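Now for the letters of each chain:
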Amino acid sequence: DAGITQSPRYKITETGRQVTLMCHQTWSHSYMFWYRQDLGHGLRLIYYSAAADITDKGEVPDGYVVSRSKTENFPLTLESATRSQTSVYFCASMSSGSTDTQYFGPGTRLTVL
Amino acid sequence: SQQGEEDPQALSIQEGENATMNCSYKTSINNLQWYRQNSGRGLVHLILIRSNEREKHSGRLRVTLDTSKKSSSLLITASRAADTASYFCATGVPASGSRLTFGEGTQLTVNP
Chain A
1 DAGITQSPRY KITETGRQVT LMCHQTWSHS YMFWYRQDLG HGLRLIYYSA
51 AADITDKGEV PDGYVVSRSK TENFPLTLES ATRSQTSVYF CASMSSGSTD
101 TQYFGPGTRL TVL
Chain B
1 SQQGEEDPQA LSIQEGENAT MNCSYKTSIN NLQWYRQNSG RGLVHLILIR
51 SNEREKHSGR LRVTLDTSKK SSSLLITASR AADTASYFCA TGVPASGSRL
101 TFGEGTQLTV NP
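As they're listed, the protein sequences go chains A and B. With my numbering applied, the first sequence corresponds to residues 1 to 113, in that order. With my numbering applied, the second sequence corresponds to residues 1 to 112, in that order.
Heads up, a few of these hints could be off.
Example chain B residues on the side facing chain A (calculated, C-beta under 8 angstroms, incomplete) [as the list claims (entries may be wrong)]: (1) N38; (2) G42; (3) L43; (4) H45; (5) I49; (6) K56; (7) F88.
Keep in mind the hints are simulated off the structure, nothing from the lab. These numbers come from a predicted model, not from an experiment. Backbone N, C-alpha and C define an ideal beta-carbon position, used for all residues, glycine too.
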């Protein structure tokens, strides 16, 4: 399917476990982003990527790892999940043109017990 | 701290009325964008206004930008129940590349 997808949509895990959230886009957009949205708040940038093999930290990167071996995929890994990482995670993509518009996936609701 | 702050935090109106939401920011910007988020869904881009623009229209949406006051407003005219959602402003700043900074959002409820 065309667009940007995230998996899983819902995930429950325990403290200390490793969790990987997947993001896939079919537009061949250069830029991809990971945000977290805590209940009742706006989005905070975790990591972003300007192209394959190029990633950089955002506002709240601690406890997260990303990789981008292919343009279309941008997985986010929580190395050792903590309760404070309970949140909704959104992936977004953007072309390298001048539109500056980000396109968002449907989100992954992660609960860490 | 958040670059953008929306006001009010929540707004409840009747169908057919206009809704106005405001966004203030702290530093110089390249552009300011508004996004909508329906409950349980991802964000959807509504409109972008660049720093050298003062007003833009898109359908029932009107956005203004006052760089001297570091503020923007989003007006939704003739609101509909389907406009019920959270609205976020996001700013792109010089030297931040492709990154956007989002505000906390305004929750709009349009009552039928």
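message = Let's test the interface hint: is any C-beta of chain A closer than 8 angstroms to that of B:L43?
response = Holds. Min distance 5 angstroms.
key: Hint status (Cβ of B:I49 to nearest Cβ of chain A, threshold 8 angstroms)   = For B:I49, the interface hint is violated, since the closest Cβ of chain A sits about 11 angstroms away, which is over 8 angstroms.
query = Holds or violated: is there a CB of chain A closer than 8 angstroms to the CB of B:H45?
reply = Status holds, d = 5 angstroms.
key: Residue hint B:G42, partner chain A, criterion CB-CB below 8 angstroms   = holds, 4 angstroms
query = Taking the closest Cβ pair, is B:K56 under 8 angstroms from chain A?
reply = Constraint on B:K56 not satisfied, violated at 14 angstroms.
request  = May I ask you to test the interface hint for B:F88 with respect to chain A, counting a Cβ-Cβ separation under 8 angstroms as satisfied?
outcome  = holds, 6 angstroms
ask   = Given B:N38 as an interface hint, is the shortest Cβ-Cβ distance to chain A below 8 angstroms?
value = violated, 11 angstroms
In this structure, the hints that do not hold are numbers 1, 5, 6, in rising order.
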